[in-house]
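Protein sequence lines correspond, in order, to chains A and B.
Heads up, the first sequence is in this note's numbering, so the first residue is 0 and it goes up one at a time.
Heads up, the second sequence is in this note's numbering, so the first residue is 0 and it goes up one at a time.
There's no promise every hint is true.
Just so you know, same-sequence chains aren't split out, so a pair can sit in one copy or run between any two.
To be verified - In silico DSSO-like links for lysine-lysine, alpha-carbon gap of 27 Å or less: (1) Lys204 x Lys76; (2) Lys26 x Lys76; (3) Lys204 x Lys16; (4) Lys22 x Lys204; (5) Lys40 x Lys157.
These aren't lab readings, by the way, just hints derived from the structure by calculation.
It should be emphasised that the depicted structure is a prediction, and the values quoted were computed from it without experimental measurement.
2 protein chains.
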Amino acid sequence: MSRRNRVSEAVIRRLPKYYRYLKDMEKSGVERISSRELSDKMGLTASQIRQDFNCFGGFGQQGYGYNVSELCNEIKKILGLHKNYNVVIAGAGNLGQALANYVGFEREGFYIKAIFDVNPRLIGMSIRGIQILDIDHMKDFIVNNNIHIGIVCVPKDKAQEVTDQMIECGIKSIWNFAPIDVETPADVAVENVHLSDTLYTLVYKMNEI
Amino acid sequence: MSRRNRVSEAVIRRLPKYYRYLKDMEKSGVERISSRELSDKMGLTASQIRQDFNCFGGFGQQGYGYNVSELCNEIKKILGLHKNYNVVIAGAGNLGQALANYVGFEREGFYIKAIFDVNPRLIGMSIRGIQILDIDHMKDFIVNNNIHIGIVCVPKDKAQEVTDQMIECGIKSIWNFAPIDVETPADVAVENVHLSDTLYTLVYKMNEI
Numbered sequence: 000m001s002r003r004n005r006v007s008e009a010v011i012r013r014l015p016k017y018y019r020y021l022k023d024m025e026k027s028g029v030e031r032i033s034s035r036e037l038s039d040k041m042g043l044t045a046s047q048i049r050q051d052f053n054c055f056g057g058f059g060q061q062g063y064g065y066n067v068s069e070l071c072n073e074i075k076k077i078l079g080l081h082k083n084y085n086v087v088i089a090g091a092g093n094l095g096q097a098l099a100n101y102v103g104f105e106r107e108g109f110y111i112k113a114i115f116d117v118n119p120r121l122i123g124m125s126i127r128g129i130q131i132l133d134i135d136h137m138k139d140f141i142v143n144n145n146i147h148i149g150i151v152c153v154p155k156d157k158a159q160e161v162t163d164q165m166i167e168c169g170i171k172s173i174w175n176f177a178p179i180d181v182e183t184p185a186d187v188a189v190e191n192v193h194l195s196d197t198l199y200t201l202v203y204k205m206n207e208i
Numbered sequence: 000m001s002r003r004n005r006v007s008e009a010v011i012r013r014l015p016k017y018y019r020y021l022k023d024m025e026k027s028g029v030e031r032i033s034s035r036e037l038s039d040k041m042g043l044t045a046s047q048i049r050q051d052f053n054c055f056g057g058f059g060q061q062g063y064g065y066n067v068s069e070l071c072n073e074i075k076k077i078l079g080l081h082k083n084y085n086v087v088i089a090g091a092g093n094l095g096q097a098l099a100n101y102v103g104f105e106r107e108g109f110y111i112k113a114i115f116d117v118n119p120r121l122i123g124m125s126i127r128g129i130q131i132l133d134i135d136h137m138k139d140f141i142v143n144n145n146i147h148i149g150i151v152c153v154p155k156d157k158a159q160e161v162t163d164q165m166i167e168c169g170i171k172s173i174w175n176f177a178p179i180d181v182e183t184p185a186d187v188a189v190e191n192v193h194l195s196d197t198l199y200t201l202v203y204k205m206n207e208i
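Excised from the complex, chain A in its bound form (with noise of 0.2 Å):
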C-alpha cells in the first residue's frame, strides 16, 4: 500500500474518532474548523491533532482551518471506508445477533452477507434477510462469497478454532467479540474486543474517584 510511513498504534486508534466527530460536525453543517476548536471538541490538544494529521501529509493550511467535509473524506479514505466490505459473522448468539441487527454498519458499507451458528433452532432464520446458516457450512460460503471481515461471536473455547477456519477461506480481517485474544498470522489484521474490559475499567475509576 501507499503509507507514508508506518504509523503509530495511537494515532490509529484516534482515527476513527476523528472521523467520528467529522462526520457529525458535517451533517450539523459546520464548513471550517480549527484545529484548536476541533482539540475543544475532542479533548485533545491541537498541537497533538496537527501532529496526528501530519502522520498523512497534513491536510490544513496554516491560520485557515480544515475544510470539515473534506478532512472527513480524507479521513474516511485514510481508515478505506470509502470501499464496501462484505462480512460474515460466526455465532448468533446474543452479540452476534445484536451486531446483525445493526443498520449503521451497512451505512458505512460493510455488508453481512450470512451468520453462522451450531444450533439447529437458529439454522434457517434470518436477520433482516441475512440468513443463519450451519456453521459447516462457512467454509464454503467464505470461498464463494468474497468475504473480507469475519466477525467471531462464538464461545470463546469456539473463537480460536473458527478464526482460524476464517483465515483458511481467505479472510484478511477478524473482528473477535469472544473474550480471549485470538492469533492471526502477520498477514490478517485483528481486533480483538473486550466489553468486560472496559466496564472493568469503569468500575476502577468509579471507586478511584
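Model the placement of chain B on the given structure of chain A, informed by the hints.
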C-alpha cells in the same frame, strides 16, 4: 480511596487484561508464573509487567514468580471487582437486550436490576427475569434501588439526556454505547465504548498489511 499514587491511564487499561489472563490461568490450574512467562502470553515485555505491578506495590518476589491465584485476587480487588454492583440499562434495543442477556456480568458481581425503554411494545416484557420498564420511571427506580452503574444503549440524540438523568439520581458510573462521547462531571466515571471505532481500525490495518 487509598490508592498509592495516581496510576496512568495506560496501566489502568491493562489491568482488566491481566485479570482476564490470570483468571484463565487459574481456571487451567496454573499455580505460579514468572513475569517472563506472563509477558510471552500477553504480548507485553516482562519489564512492562513488573513496572505495572509496581504501581500497586508489586506482587512478586524477584526470581520466584507470582502466585497466580493471589495475583488474580489482588488485581480483582484493585479493579474493585470483589464488590457487587447494581446496574440499570437504558435502551432495550439490540445491544441493550444483548447486554441484559449476557450472564457473564452477573458472575462478576454486576446485577442488572431493570431495563428502561420508551417503546410501549417492549415495556412490560422481561429478559432473564429483568423487567423492561417505562423510561419515565427510571429516575425513581435509580433513587430507590441503590444503583451504581448506568448502561446507556439509547440512540445518539438521547444519550446525553439519559446520562444526565442517571447522574442526577446519584449514579457515579456511566457505561455508554451510544455513538457519541457523553460527558459527565468530574466525580462521575464514564467509559464511552465505540464498537465501530474498532471496526474502522481493523479495516485500516487490513488495508495496510
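So, going through the hints one by one against the coordinates:
In the homo-oligomer, the alpha carbons of Lys204 and Lys76 lie at most 27 Å apart only across protomers (13 Å), although the nearest pairing inside one protomer, at 35 Å, exceeds that limit. For the identical chains of this complex, Lys26 and Lys76 are intra-copy neighbours only, at 18 Å inside a copy versus 44 Å across copies, given an alpha-carbon limit of 27 Å. In this homomeric assembly, Lys204 and Lys16 come within 27 Å of each other (Cα to Cα) both inside a single copy, at 22 Å, and across copies, at 16 Å. In this assembly of identical chains, the alpha carbons of Lys22 and Lys204 lie at most 27 Å apart only when taken from different copies (21 Å versus 30 Å within one copy).
Proximity of Lys40 and Lys157 under a CA criterion of 27 Å is satisfied inter-copy only: 19 Å between copies versus 41 Å inside one chain copy.
Figure legend: structure checked against the earlier numbered hints; every hint is met.
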